[in-house]
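**Student:** So you can see what is in the structure, the chains are spelled out below.
2 protein chains.
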Amino acid sequence: MATMQDVATRAGVSAKTVSRVFNDDPNVTEKTRAKVQAVMADMNYRPNMLARRFREGKDSAIGIAVPNIGDPFFATIIRTIEQLAMERGMFVFVTTLGQDPALEEQRVERLMRRNISGMVIAPVAGDQSYLKSWGSSVPTVFVDREASNIEGSSVFVDDELHAAEAVAHLISHGHERIAFVGDDTSLITTKKRLAGYRSALTAAGIAHDTGLELMDARLLSFGYVDRSIADDHVQMLLALPEAPTAIFGANALCSMGLAAALHRAHRGEIAFVSFGDFPMADALTPAVTVIDQNPEGLARLTGEILFEQMDGMVAGPVSKVLRLLLIERGSGELPPFTS
Amino acid sequence: MATMQDVATRAGVSAKTVSRVFNDDPNVTEKTRAKVQAVMADMNYRPNMLARRFREGKDSAIGIAVPNIGDPFFATIIRTIEQLAMERGMFVFVTTLGQDPALEEQRVERLMRRNISGMVIAPVAGDQSYLKSWGSSVPTVFVDREASNIEGSSVFVDDELHAAEAVAHLISHGHERIAFVGDDTSLITTKKRLAGYRSALTAAGIAHDTGLELMDARLLSFGYVDRSIADDHVQMLLALPEAPTAIFGANALCSMGLAAALHRAHRGEIAFVSFGDFPMADALTPAVTVIDQNPEGLARLTGEILFEQMDGMVAGPVSKVLRLLLIERGSGELPPFTS
DNA sequence: TTGAAAGCGGTACCAC
DNA sequence: GTGGTACCGCTTTCAA
Numbered sequence: 003m004a005t006m007q008d009v010a011t012r013a014g015v016s017a018k019t020v021s022r023v024f025n026d027d028p029n030v031t032e033k034t035r036a037k038v039q040a041v042m043a044d045m046n047y048r049p050n051m052l053a054r055r056f057r058e059g060k061d062s063a064i065g066i067a068v069p070n071i072g073d074p075f076f077a078t079i080i081r082t083i084e085q086l087a088m089e090r091g092m093f094v095f096v097t098t099l100g101q102d103p104a105l106e107e108q109r110v111e112r113l114m115r116r117n118i119s120g121m122v123i124a125p126v127a128g129d130q131s132y133l134k135s136w137g138s139s140v141p142t143v144f145v146d147r148e149a150s151n152i153e154g155s156s157v158f159v160d161d162e163l164h165a166a167e168a169v170a171h172l173i174s175h176g177h178e179r180i181a182f183v184g185d186d187t188s189l190i191t192t193k194k195r196l197a198g199y200r201s202a203l204t205a206a207g208i209a210h211d212t213g214l215e216l217m218d219a220r221l222l223s224f225g226y227v228d229r230s231i232a233d234d235h236v237q238m239l240l241a242l243p244e245a246p247t248a249i250f251g252a253n254a255l256c257s258m259g260l261a262a263a264l265h266r267a268h269r270g271e272i273a274f275v276s277f278g279d280f281p282m283a284d285a286l287t288p289a290v291t292v293i294d295q296n297p298e299g300l301a302r303l304t305g306e307i308l309f310e311q312m313d314g315m316v317a318g319p320v321s322k323v324l325r326l327l328l329i330e331r332g333s334g335e336l337p338p339f340t341s
Numbered sequence: 003m004a005t006m007q008d009v010a011t012r013a014g015v016s017a018k019t020v021s022r023v024f025n026d027d028p029n030v031t032e033k034t035r036a037k038v039q040a041v042m043a044d045m046n047y048r049p050n051m052l053a054r055r056f057r058e059g060k061d062s063a064i065g066i067a068v069p070n071i072g073d074p075f076f077a078t079i080i081r082t083i084e085q086l087a088m089e090r091g092m093f094v095f096v097t098t099l100g101q102d103p104a105l106e107e108q109r110v111e112r113l114m115r116r117n118i119s120g121m122v123i124a125p126v127a128g129d130q131s132y133l134k135s136w137g138s139s140v141p142t143v144f145v146d147r148e149a150s151n152i153e154g155s156s157v158f159v160d161d162e163l164h165a166a167e168a169v170a171h172l173i174s175h176g177h178e179r180i181a182f183v184g185d186d187t188s189l190i191t192t193k194k195r196l197a198g199y200r201s202a203l204t205a206a207g208i209a210h211d212t213g214l215e216l217m218d219a220r221l222l223s224f225g226y227v228d229r230s231i232a233d234d235h236v237q238m239l240l241a242l243p244e245a246p247t248a249i250f251g252a253n254a255l256c257s258m259g260l261a262a263a264l265h266r267a268h269r270g271e272i273a274f275v276s277f278g279d280f281p282m283a284d285a286l287t288p289a290v291t292v293i294d295q296n297p298e299g300l301a302r303l304t305g306e307i308l309f310e311q312m313d314g315m316v317a318g319p320v321s322k323v324l325r326l327l328l329i330e331r332g333s334g335e336l337p338p339f340t341s
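Sequence order for the protein chains is Z and W.
So the number in our numbering is just where the residue sits in the first sequence, counting from 1, plus 2.
So the number in our numbering is just where the residue sits in the second sequence, counting from 1, plus 2.
Bear in mind the hints are in silico, worked out from the structure with no lab data behind them.
Careful: at least some of the hints might be erroneous.
Just so you know, same-sequence chains aren't split out, so a pair can sit in one copy or run between any two.
[Claimed, not checked] Calculated lysine to aspartate or glutamate pairs in the DMTMM-like style (CA-CA distance at most 25 Å, straight line): (1) Lys322 x Glu335; (2) Lys60 x Glu111; (3) Lys322 x Glu148; (4) Lys18 x Glu58; (5) Lys37 x Asp313; (6) Lys37 x Glu215; (7) Lys134 x Asp8; (8) Lys194 x Glu89; (9) Lys193 x Glu153; (10) Lys193 x Asp160; (11) Lys322 x Asp26; (12) Lys134 x Asp44; (13) Lys37 x Asp160.
Given the structure is predicted, the values throughout are model-derived calculations rather than measurements.
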């Protein structure tokens, strides 16, 4: 691979002049410029980006760390951020965090060590203080969930509020026995959604029954829903003496598993609302009513804040809360069914 | 940020010794090692990866270029490759190619310029000769589709064979009027699947009717299915004088749009088979019969070949063809319905 | 307008 | 076992 010096030698100029030509420095004679460009083309010169970045001390790439790329919610976030990054000529590193909090620190740190220009994290751990040792050298924005034990910019939603709205929606259609099904208890978003679920029940004068609150990390194995566990939970819930007439799915992936399990159990009469939209939700029978988690909107806001921070246009941490909307599709409007 | 030299000065040794300690070189006294490690910890020393990579002349990252991250098929491929890369301590760059062939060259070249260690491409263009100028400096594996006008390793499937199997499945259940719906005509996989569709009809003595072969790139806008266009196509097909009694969806994304459109049109009696599985396909009514495109299997094979090439364990290009299976779920077994 | 030299932070090579 | 030195390819600084 030809270097700048090779080109310089062949063109009979100094390396610096080649550098000038390559970087469109105006202080070069047209004649010199033409000559150098001819040689560059002839030698198929390509600048060594590793050298350039080393010189600049920064990698023009941004990192994205999410729990699971296979989750359509996060896939859309990645897709949107990648598009925004491309418009600015930057590439993105993508990494999966899984459910294990220990993995988060390890992977995020490894990414930081690459001297990236920016970082987007949808954290899974309950503590991000490990980022403190990096100071503010790398602009970082947390998405979907706020960071804990550290100041940082973030874009998220009011999980408690929207969960309460979803449950209130079910209550308004006559349901009183409403189950909550989630996967990971340790996740802050799950906790908040559970709180919202309870507060909606309380507001309606319904005592909450912990027997209807189901949380099982095994629901997700390798980032996908475990069919048989979903089936077990649905069977178990519906076999209760006072079985629920409605279910609230705490996130899109859980809801996908639940909707499929309800379908397999031929229990389409059970009302259902999902926190987070998912593919084909509108094509199921009944179509699934959801809180639209708007991953694209979240990602766009995240990108805006990130790039502003990278450009040094903003000083301290910024937090934005995105308002979500309920999409009524039918499954949440089913009346309570009693056999 | 402390450099190796800083650590060396403070520890009263040379930079080289610090380097040795850091890289677990056995030729260091325990005493020296301990001292250096203490200073490293004290100064919170982190190696400058940019410098290291510059020295090595290679970035320990691999690039993945796919048409669309939002497509569950490609999301799974990325997810699997990322996992394999992580096990080897490498990061992945992800980039979207879209439908525009010109974009492919531009983005892949930009990725190559980063001196990555390996590259995985699901090409969208009909010509990959632009890669020739890179020689064999970067191990590259094409996934899902073979490369054109260039020798290269690839992992793909027999699109024609499996499309024919899918259509034969419909024919065996009595269908004769079978529509083919795809998005991008220029894509080699679409062409092969169309060929398979036609050959299955021919083999059964059914003349193919180009009026039933629908290809419209507008079906996918911004990487997602355009609802109204999907609705239009379904309406149009079903309003034909001799309307089809079955539909073959040429890829997962199209099929998702079609299944949803059929649902909205309340035409669940139309038989349907998809090339490519998709989320919730088994939870629809009727559940959708698919050719399981096995993205995880494709990605694993791709990773194996890629890493072998990166390790220099294999010389020339390798191609592997993965055998796919039909998953019967019901929609393909529907008898022809005549109103 | 152009060039020479220094240096970014590591690592390979060769002395000692 | 340890240190000096050169060098990776490019850009900045300063001089010509």
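**Student:** Now tell me if each hint is right for this structure.
**Tutor:** Verification of the supplied hints:
1. Lys322 x Glu335: neither (31 Å within a copy, 50 Å between copies)
2. Lys60 x Glu111: both (16 Å within a copy, 21 Å between copies)
3. Lys322 x Glu148: within (10 Å within a copy, 45 Å between copies)
4. Lys18 x Glu58: both (16 Å within a copy, 24 Å between copies)
5. Lys37 x Asp313: Neither, since 36 Å and 40 Å both go past 25 Å.
6. Lys37 x Glu215: Neither way: Lys37 and Glu215 sit 74 Å apart in one copy and 55 Å across, limit 25 Å.
7. Lys134 x Asp8: between (44 Å within a copy, 22 Å between copies)
8. Lys194 x Glu89: Neither: 35 Å inside a copy, 34 Å across copies.
9. Lys193 x Glu153: This pair counts as within: shortest intra-copy Cα distance 21 Å, inter-copy 53 Å.
10. Lys193 x Asp160: within (12 Å within a copy, 47 Å between copies)
11. Lys322 x Asp26: Neither, since 40 Å and 45 Å both go past 25 Å.
12. Lys134 x Asp44: Result: close only across copies, 16 Å inter versus 49 Å intra.
13. Lys37 x Asp160: Neither. Shortest intra-copy (61 Å) and inter-copy (50 Å) distances fail the 25 Å Cα cut-off.
The structure fails hints 1, 5, 6, 8, 11, 13 (numbered hints given earlier, in ascending order).
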